[in-house]
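Protein sequence lines, in the order shown, are assigned to chains Y and F. Residue 1 is where the first sequence starts when you use the numbering used here, and the numbers rise one by one after that. Residue 171 is where the second sequence starts when you use the numbering used here, and the numbers rise one by one after that.
Just so you know, these hints were derived from the structure itself, not from any lab. Ideal Cβ placement from N, Cα and C applies to all residues, glycine included. Treat the hints with caution; some may be incorrect.
The calculated label-pair distances, taken between Cβ atoms and stated as ranges, are [what the hints assert, rightly or not]:
(1) D193/F to Y134/Y: 19 to 27 angstroms
(2) L378/F to A101/Y: 44 to 52 angstroms
(3) P424/F to W136/Y: 39 to 47 angstroms
(4) F25/Y to L560/F: 44 to 52 angstroms
Here are some chain Y residues the structure puts well away from chain F; computed CB gaps all over 10 angstroms [stated by the list, open to error]:
(5) E3
(6) E5
(7) E17
(8) R18
(9) V20
(10) D47
(11) P66
(12) R88
(13) F114
(14) S122
(15) V152
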Amino acid sequence: MSESEAALAALREEFDERIVDSLEFRGQLTAFVQPESIVEACKFLKDRGFKLLIALTAADYWPDEPRFEIVYKFYSIQHDELIGLSVRLNGEEPEVPSIDAVYPNANWHEREVFDMFGIDFSGSSDLRRILMPYDWEGHPLRRDYPLGYEEVQFTFNYDEIDKRKKYAKD
Amino acid sequence: MLEAEMEVTVDELKGLVSQRAIDGETMLLNMGPQHPSTHGVLRLLLELDGETIINCVPDIGFLHTGIEKNMEAKTYEKALVMTDRMDYLNPLGNNLCYCLAIEKLVELDVPPRAQIVRVLLTELTRISSHLVWLGTHALDLAAMSVFLYTWREREILLDIFEMCSGQRMMTSYFRPGGLWRDLPEGFEEAVQQFIDLFPDRLEEYENLLTENPLYIERTKGIGVISIDEALRLGVTGPNLRAAGLPFDLRKTQPYSGYEQFDFEVPTATGGDTYDRYIVRVEEMRQSLRIVQQALVRLPDGPVRSNNRKFVPPPRSELGHSMEAVIHHFKLWTEGFSAPKGSVYFPVESPRGVLGCYLVGDGGPMPMRVHFRTPSFANLQALPTMSKGHLVADLVAIISSLDPILGDVDR
Numbered sequence: 001m002s003e004s005e006a007a008l009a010a011l012r013e014e015f016d017e018r019i020v021d022s023l024e025f026r027g028q029l030t031a032f033v034q035p036e037s038i039v040e041a042c043k044f045l046k047d048r049g050f051k052l053l054i055a056l057t058a059a060d061y062w063p064d065e066p067r068f069e070i071v072y073k074f075y076s077i078q079h080d081e082l083i084g085l086s087v088r089l090n091g092e093e094p095e096v097p098s099i100d101a102v103y104p105n106a107n108w109h110e111r112e113v114f115d116m117f118g119i120d121f122s123g124s125s126d127l128r129r130i131l132m133p134y135d136w137e138g139h140p141l142r143r144d145y146p147l148g149y150e151e152v153q154f155t156f157n158y159d160e161i162d163k164r165k166k167y168a169k170d
Numbered sequence: 171m172l173e174a175e176m177e178v179t180v181d182e183l184k185g186l187v188s189q190r191a192i193d194g195e196t197m198l199l200n201m202g203p204q205h206p207s208t209h210g211v212l213r214l215l216l217e218l219d220g221e222t223i224i225n226c227v228p229d230i231g232f233l234h235t236g237i238e239k240n241m242e243a244k245t246y247e248k249a250l251v252m253t254d255r256m257d258y259l260n261p262l263g264n265n266l267c268y269c270l271a272i273e274k275l276v277e278l279d280v281p282p283r284a285q286i287v288r289v290l291l292t293e294l295t296r297i298s299s300h301l302v303w304l305g306t307h308a309l310d311l312a313a314m315s316v317f318l319y320t321w322r323e324r325e326i327l328l329d330i331f332e333m334c335s336g337q338r339m340m341t342s343y344f345r346p347g348g349l350w351r352d353l354p355e356g357f358e359e360a361v362q363q364f365i366d367l368f369p370d371r372l373e374e375y376e377n378l379l380t381e382n383p384l385y386i387e388r389t390k391g392i393g394v395i396s397i398d399e400a401l402r403l404g405v406t407g408p409n410l411r412a413a414g415l416p417f418d419l420r421k422t423q424p425y426s427g428y429e430q431f432d433f434e435v436p437t438a439t440g441g442d443t444y445d446r447y448i449v450r451v452e453e454m455r456q457s458l459r460i461v462q463q464a465l466v467r468l469p470d471g472p473v474r475s476n477n478r479k480f481v482p483p484p485r486s487e488l489g490h491s492m493e494a495v496i497h498h499f500k501l502w503t504e505g506f507s508a509p510k511g512s513v514y515f516p517v518e519s520p521r522g523v524l525g526c527y528l529v530g531d532g533g534p535m536p537m538r539v540h541f542r543t544p545s546f547a548n549l550q551a552l553p554t555m556s557k558g559h560l561v562a563d564l565v566a567i568i569s570s571l572d573p574i575l576g577d578v579d580r
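Next up, chain Y with everything else stripped away, as it sits in the complex (with noise of 0.2 angstroms):
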């Protein structure tokens, strides 16, 4: 048995229903914790030798529900193993506690998310947006945002973009 099935097992042992789900894809395992765990099993991991948090990020299924999973990945630097774990979020009013008192690099991770999913992470230490400006509204890769584009003024409708782009002439 592999290191990560070894800490998936032992992951269920402890946490019994509050793993909700697992999986294997490809070789990759994935357990799917209840929000209110994530914490702990994440401590479990990290004591178990996984000490790298490798990615975290979130999928949006809109329009299935529960819309949102937030993906961690732990990398284990002595058995050379990767192991996942998710959490499945409902669309309104995600939230889940964040993990950046475990793993101090989740706090980027975690504003990315944020930003870009609109996802509240509680108990950060420090979340704002990250890459798109402090004032933007809306988080771009919701699947219900749209991709949109910047329409070119030629002189057929000069006039008329002129009018929706105020801010071009301040």
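Assemble the complex: chain Y is given as a structure, and chain F must be docked to it using the hints.
Just chain F, lined up with the frame of chain Y:
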């Protein structure tokens, strides 16, 4: 935008800097985003006591181009061109990461020749990326000549990339299932010429810096980071190896046939700016070893998978096979579909762990692509590393971390 909206209020600063700065005892200095030594558009808010840095707050996002969002609106194959533009010094490495993630998601095979060519070109990219790093790093420390020399060698590499892909930088040469096309004539000779010439040139750079007292003075003991601290802050790549941990995904989780190659993972012990220099220079030597081996064992054969559900048929088949025409039409209009599910594929880029998280939804476009970029993760360690140093040292620390802002902001 109104001017009143642009102003940063004291409240907003409170969480970022100490009370002393708000009382006016220490100085707040804005560095960037257009500062030449920030390697792009990185803005730093510095809190200074005299010239000593008490606090450093990075502000990123000036180069955010929405690559991840854009990729969601393109087919798997067409989205590939966006990856070149993330870490623009490592285009082939980004292509590789994205292609490997797709190949894992759809379970696509890659012919041996394509695998070896991928390794060969990725290692050449690593050398060219380190050359840019070495030149700009030395330039930041006022050693102008190194910059000119490294650029000269990089030009040879860019010519090689142009030979294969038609592009100097935005190559898009690796495709899901293999390569765009086979290597051109004269490729092997060009690489061989580079292999013959490069070790001497590398020695030239080392003569300029390794024992240069000015360089040592500026870099030894500057921006020290220990293994534990590096892991805590998610620092990987040469920055972690300079602290002493031989963590390299090419060795620990070999992909694309790296397990067949004989190379070492250089490490140092101090974890300071000088050690990061030593590690990167040694890495160029090791990359050259891999290139050499790859060139010798380059097998003949196809360069793209024969799986017609994912790879368009060659032009020659279109004239006589109806099936080929159908595949050609389907793949270039709709693209191939990937199953529901998600994969995470990490590779070792010149800067550290580059990971691609890819979610398929059964359709021809990725539902979500996320790149865990090494520059983003490494830059997070900058406040810790720069505390207590002088502003002039900060310049050395930033460049020794080797952040590419395109990679940070995506």
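Out of the numbered hints, which ones does the structure contradict?
none
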